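A.B. asks: Sequence:
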Amino acid sequence: MDNQARTLMSWRRSKIRSRMINSYQDETWSTEKLVFDSDEEEKLHVGNMEDDLIKDGLPGQPKTNVKFKQYAGYVNVDEKNGRSLFYYFAESASGNASSKPLVLWLNGGPGCSSLGFGAMLELGPFGVKPDGKTLYSRTFSWNKVANVMFLESPAGVGFSYSNTSSDYAQSGDKRTAIK
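Those letters in the sequence shown? Residues 0 to 178, by numbering that gives the first Met the number 0.
Derived by calculation from the structure, the hints in this document are not laboratory data. Nothing here was measured: the structure is a model prediction, and the numbers come from that model. One thing to keep in mind: the hints can contain errors.
Now the in silico label distances, taken between C-beta atoms and shown as ranges [as the list claims (entries may be wrong)]:
id, residue 1, residue 2, range
1, 105, 136, 19 to 25 Å
2, 165, 128, 37 to 43 Å
3, 164, 62, 14 to 20 Å
4, 49, 136, 23 to 29 Å
Where a beta carbon is used, it is the ideal one built from N, C-alpha and C, also for glycine.
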């Protein structure tokens, strides 16, 4: 596994580590080095990066001239309350993805889908054709020059979810209007 993949996996796992300090009030974070071995991976039930690989492409995706890997899955950010954020990751199409920068795309909101808007309507590798069913390759996609990760946040936006119903009551238009 190359450095970029290792960094991505560390990021995915960092939120589920029970030893990590993450207090919303004081915003302190552990600076311990994140090291994972296969036993710990089994204990945490974290999938392997290849499990998130989109093997046959997205539904309706062009089948020719797609020369980059795509991944999609969940980042468990709060195991106790069952919060998981959905991500879609497109490797750089310009070759040697491990040497390209990583762009993390978060649409504004809360409430705006990074997959639905950022990836499919703005800068992702594919756009949606007028039929709403098929995709076309975007000429000026950001993954032409970088690896791009689209993260659906907060929990409840797009495919991200929470098993705690009060999380949904604390988000959306009402919460945004109060701020």
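A.B. asks: Run every hint past the structure and note whether it holds.
C.D. replies: Consistency of the hints with the structure:
no., hint, result
1, 105 to 136: 19 to 25 Å, "holds (24 Å)"
2, 165 to 128: 37 to 43 Å, "holds (39 Å)"
3, 164 to 62: 14 to 20 Å, "violated (41 Å)"
4, 49 to 136: 23 to 29 Å, "holds (24 Å)"
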